[in-house]
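Here's the letter readout for the chains.
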Amino acid sequence: MSDHGKYRIKQLSIFSENRPGRLMDIARDMKEAQVNILWFTIAEGSGYGVVRMLVDKPEKAYEKLTSNGHVVKFTEVVAVKMEDKPGGLYDLTVMLTDAGINIEYAYGYRNSPSAVLILKVEDIDRAIDSILGSGRSLHDVSHFK
Amino acid sequence: MTAWNPKIELMPSQELERLQTKLLKALVHRMYDYSPFYRERMDEAKVHPDHIRTLSDAFKLPYMHKRDLRELEPERLFMVSNRELVRYHVSSGTTGRPTIVGYTQKDVDLWTESVARGIASVGIGVDDVLQVAYTYGLFTGGLGLHYGAERVGCTVVPASTGNSERQLDMIKRLGVTAIACTPSYLMHLGEVSQKIGMSIRKDTKLRLGILGAEPWSEGMRDRMQDWLGVKAINIYGTSELSGPLWCECAEQKGMHVWGDMALLEVVDPDSGEPLGPGEKGELVVTMLQKEALPIVRYRTGDIATVDWERCGCGRFHPRLGRITGRVDDMLIIRGINVFPSQVEYVLMSNPELGNEFQIVVDRKGALDEILVRIELKPESFQDNVAKLECLKAKIHEKLKNVLMISAEIELTEPGSLPRFEGKAKRVVDKRNV
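So the protein sequences, as listed, match chains G and Z. Going by the numbering used here, the first residue of the first sequence is number 5, and it counts up by one from there. Going by the numbering used here, the first residue of the second sequence is number 2, and it counts up by one from there.
Bound conformation, chain Z alone:
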C-alpha cells in the first residue's frame, strides 16, 4: 500500500477523532467570529462556540443548504476578506443564480492534498502520465485533478474535454497511464477508439481511470474494466466542498474521506435525524479546515451510505459508498449539474412560450443528451418557419448560457405535454446507468 501522507492516512481512529475535535472547535470559533451569516444562524439555534466540546456536539450546529450559498452575498458568508482569496469557482445554482465558491491559498492547498492522497492511494506517482479530461475553468474538475496530480509528481496532460480522437492520439503518443474524466466519457473514448481501429487495451498504456462527476454503477465499472483493461476508480466531490476530493483506494471499496478535512454524517433527508452506521440517507458534510467559505453540516442532497469500518488497505478514514440518488430533482449531465428549475427560469423569461415543458435525458452511445420540449403559445405561432427557427435558436443559446451545456430544443403544440395535478414531473430520464 502506498500512502502520500502516512502520518494522517494511517492515523488510528481515536487519534483521528481527537484531531477532528480540535479542528471542529477552531472552525466553530472562526465562523462565529468572521461569518456574519453563520453567527446569526448559531444565535438563532442558541449555540455558542463554547458549547462545542466533543465531536458529537457538532450535531447541535444548524444545517447549511445549497440555497444559503446561492442566496447570500459572498461577503456575508465568507470568513476572510477579498485580499486573502486566491481563486473563485462558480457552479450553476438551482435558478439562474450561480453558487460562488472562494478559496484562500490554504483552501487550494488542502484540496490539492486531498486529491494527491487519493490518487497516490491507487498507485499514481512520478512514473505516471495522467490525462485530465475534465473541463478546465469554472468547473472544479479540471483544475482540481490537475493540481493533485502535479503534487504527486506525475506528468499531467491538461486535455480538458472534447475532441475524442485527439484525446486518444495523446493517450497513445504520450504514454498516458491514467485518465481523469466522467465514466461516460471513458466509455465514449472506448467506442471512438473502436471506430478508428485502435484498442485502448493493446495499443495504449492506459491502466487507471479516475472517474466521477456523475452517477455510475458497479455494472458499468465491470464492463469498463473487462472491455478496456482500465481499472475504474470512483471519485467524489462538489464545488461547495472545494471540488473533486475523495477517491477510492486500490481496494475499490468506497471513497476515503480524509478525517482531518471532513466530518461526515448520514441523515434522513426529510426529518434531518441522524441515521445509524451503514444506513442509506442524505450525505451531510462539515469541512473542518476551510478558510474562505464555511461548510458546516452542509446538506449535499446526495444519497449514499458511509462505511466506518477499517478498510482492507489499513486506513481508518470512513469510506463513502456510491451516490445512489438525489434528494432533489438535480440531474447530472456530462458532469454538469442541471436543475429543472434552471430550465424553467430560462423558459419563463420568453413570452413566446407556454408554461409547460419537459426535460428528456437520454444516453446516445456513451454520452448523455438533453432535450427540452416546450409548448409554443398559440398567439406566438406565425406562419414563418425562419422565425420559429430563430426562436428555437434563441432559447438554445439562453439555456446554454445558464446550464453550461447544450440542450436540444423541441417546440411542441400547446396542450401536448403532460399536465400534473400535484408536483409536476418535468423530467424523463431514459438513461439506464
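Just chain G, with the same shape it has in the complex:
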C-alpha cells in the first residue's frame, strides 16, 4: 500500500468556457511554462468544457494556469500498461468487472510497442491493488516526466 502514491498520476482538469481562444490561452500558458503536453482531450458540457491533460510537469502547469486565472484541479488517475494486441482491453475489463471497480472515464493511447490505458475511478487505491494483484503493471509518475 505504501508505494501507491507513485501510481497516482496527476492529470490536470481545467474548466473552460466554450468560446474561441480559450484553448489557445491554455496552450500559450503551457508553452510559456515550457510544459510538454503528453495527452489531452476536451469533455464537452453545455456552454463550457473540461480540458483534461497529462503533462510532464503537472505542478508547474498548475501554477502557471492558476496564476492566469484558470480554474484547475488535479485529478488522480492510473495508467495501465497494455499489450498492444486484440483482446487486451477485454481481458482488463473482465478483471475490473470481477473486482467490482466502476470506471468514471477512461482514455487510451498507443505508446509503441505497447499501449497505455488511463482510468479515472472512484476508489483509486483499490483499483491499484486489483490491477497490480492481477499481474498487470502500472506506469508510475516517472513515466510522464
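Think of the hints as simulated: they come from the structure by calculation, not from any bench. Don't take each hint at face value.
Claimed, not checked - With a straight-line cut-off of 20 Å between C-alpha atoms, the simulated SDA-like cross-links for lysine to any residue are:
(1) G:85 - G:134
(2) G:77 - Z:388
(3) Z:388 - G:51
(4) Z:388 - G:49
(5) Z:378 - G:20
(6) G:124 - G:49
(7) Z:431 - Z:327
(8) Z:8 - Z:19
(9) G:14 - Z:381
(10) G:124 - Z:388
(11) G:14 - Z:379
(12) Z:388 - G:106
(13) G:77 - Z:355
(14) Z:393 - Z:351
(15) G:77 - Z:417
Unchecked claim - Across the chosen pairs, the derived CB separations fall in these ranges:
(16) Z:390 - G:40: 26 to 34 Å
(17) G:50 - Z:219: 38 to 46 Å
(18) G:138 - Z:387: 26 to 34 Å
(19) Z:363 - G:89: 53 to 61 Å
(20) Z:390 - G:71: 24 to 32 Å
(21) Z:77 - G:70: 47 to 55 Å
None of the values given here were measured: they were computed from a predicted structure. All C-beta atoms in this analysis are idealised placements derived from N, C-alpha and C, irrespective of residue type, glycine included.
Here the structure of chain G is known, so what remains is to put chain Z in place on it, guided by the hints.
Chain Z only, in chain G's frame:
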C-alpha cells in the same frame, strides 16, 4: 363611437372631478379606519382624512411603493377581512418574496368593468370571438381579459399561452376576430403562421389585437398592422392596480384611464415633485374605489406621459401614453416582470456559485429569451461533467420557481464577467423594441 358605460365615459371634466373628489374622500376615510399600515403612514405625514377636501389635497397623502406591498403582511395592508376576499393574485416581487393582491367582489367587478369599457371602445362586442392568449393563473392577464370580454358579451376562447400552431388553428376554426396577448406573441404567431403556410390576413377573421404586459413601440405597431392586418391596441395595467385595466380606444392615441376608478399623477422619479401636463415622468396611481388592497399615490416605477386633453373619441378621461421605461431595473420578459435582484437572490443561495452574474435578454425571432451567466467558484469545480450539468439544472429549476419563466443558464469561469466599481450593471438587454 361605442361606449359601454356612456354615463361615466362621456362625463364632462368638471363633473368627473366632482365624482373623483367624492370618491377620494371616502377612500381616505376607509383607509384611515381599516388599514393599520396606511393609518400609520398618514399619522407620520400628519395628514388626517378631514384634511382631504379637494382633489389637489391628494398631494398631501404619502406615497406608496412596491416594497410596502411586498414587505407587509396582507392583514396590515388590506382594508377588509378575509371573509370579504373573493380572490388572490400573486406577482413576483423584487426578491424572492411575492406581492399578494387581494380582491373583494366589488374589486373584481370594477376591474371587469374597466376592461369591458376599454375593449368595447375599440368595437369589441357580442359579434366578436376573443382569444385570450395571456397566461391564466396567478398572473392577472388571462383572467382580467377573460372577465371583461365576457362582460361585453363576446365569445371567449381561453387559450392561455403556448402551443402556437394550436392557437392559430383555433383562430381559424372558431372565427376568432380579436386576440389578447403580448405584442411579441402576436408577432410570433405571425411568424409561425408563415411557416405553416397560413396567412392571418387572408385565412382568418382576426382584425384586432389587445396587446400589453410588455413595452413595445409605434414602429412595432405599424409593422404588425401592415403585415398581419390586425389593428394593434395598447393595454396597460399591473397586478397591484388590479390587472390589465386601461386600453386605447379606436383612435389609438393613448389609453383611457377611467376617472371614476383612478387618479393619475406624473412625478419626477428622483424628487417625487409633480410634473406639468405632458411631461414625462413616473406614473403615480391612486385607485379610487378599491376595497381590499389600498393603492394610494402608488409609485408604479413606469415612465410615461399623460395627456389631459379631450380625446378625438369625445371622452374626457385622461390618456396614458406608451410606457417608455422604468425607474428601476425591472425587466419585462414575455409579459413577466423580472428584477435582477430576484436572480441575485436565487444565485446567492447556491454556495457553488460566485458573486458575479450577468443577465442577457435577447429577442430570438419574436420571443424574448433570458440567459443568466454565472461564475463558478473555483473550489466548486470538479472534473465531472455530469455533476456540473446537475448544478446547472438545479439553478435552472430554482430560477424558474422564483421568476416564473425559464432562463438559460451558462456557467462561466471565475473572473470572466465584468466587474463594476459603482452600481453593478447586471443586465445586457439586446432587444431592440
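Taking the hints in turn, this is what the structure says about them:
A hinted pair counts as satisfied when its Cα atoms are at most 20 Å apart, and residue 85 of chain G with residue 134 of chain G qualifies at roughly 14 Å. Between residue 77 of chain G and residue 388 of chain Z the alpha-carbon distance is near 15 Å, which keeps this suggested pair within the 20 Å criterion. Our distance criterion of 20 Å between C-alpha atoms is met by residue 388 of chain Z and residue 51 of chain G, whose separation comes to about 14 Å. Between residue 388 of chain Z and residue 49 of chain G, the direct Cα distance comes to roughly 10 Å. Compliance with the 20 Å bound is thereby established for this hinted pair.
Our distance criterion of 20 Å between C-alpha atoms is met by residue 378 of chain Z and residue 20 of chain G, whose separation comes to about 13 Å. Restraint check: the Cα-Cα separation between residue 124 of chain G and residue 49 of chain G comes to about 18 Å, which is no more than 20 Å; the hinted pair holds. With a CA separation close to 16 Å, the supplied pair residue 431 of chain Z and residue 327 of chain Z stays within the 20 Å bound. At most 20 Å may separate the alpha-carbon atoms for a hinted pair to count; residue 8 of chain Z and residue 19 of chain Z meet this at roughly 14 Å.
Proposed proximity of residue 14 of chain G and residue 381 of chain Z is supported: the alpha carbons are some 19 Å apart, at most 20 Å. At roughly 15 Å between alpha-carbon atoms, residue 124 of chain G and residue 388 of chain Z fall within 20 Å of each other, so this suggested pair holds. Taking the CA atoms of residue 14 of chain G and residue 379 of chain Z, the gap is near 18 Å; set against the 20 Å cutoff, the hint holds. For the hint linking residue 388 of chain Z to residue 106 of chain G, the alpha-carbon distance of about 17 Å falls within 20 Å, and the restraint holds.
Taking the CA atoms of residue 77 of chain G and residue 355 of chain Z, the gap is near 17 Å; set against the 20 Å cutoff, the hint holds. At most 20 Å may separate the alpha-carbon atoms for a hinted pair to count; residue 393 of chain Z and residue 351 of chain Z meet this at roughly 11 Å. About 18 Å separates the Cα atoms of residue 77 of chain G and residue 417 of chain Z, which keeps this hinted pair within 20 Å; it holds. Distance hint check: the CB atoms of residue 390 of chain Z and residue 40 of chain G are about 32 Å apart, consistent with the given range 26 to 34 Å.
Our hint of 38 to 46 Å for residue 50 of chain G and residue 219 of chain Z holds, since their Cβ atoms are close to 39 Å apart. Separated by about 29 Å at the C-beta atoms, residue 138 of chain G and residue 387 of chain Z satisfy the suggested range of 26 to 34 Å. For the pair residue 363 of chain Z and residue 89 of chain G, the supplied restraint of 53 to 61 Å holds, since their beta-carbon distance comes to about 55 Å. For residue 390 of chain Z paired with residue 71 of chain G, a C-beta distance near 29 Å keeps the hint of 24 to 32 Å intact.
Checked against the given bound of 47 to 55 Å, the beta carbons of residue 77 of chain Z and residue 70 of chain G, roughly 53 Å apart, stay inside it.
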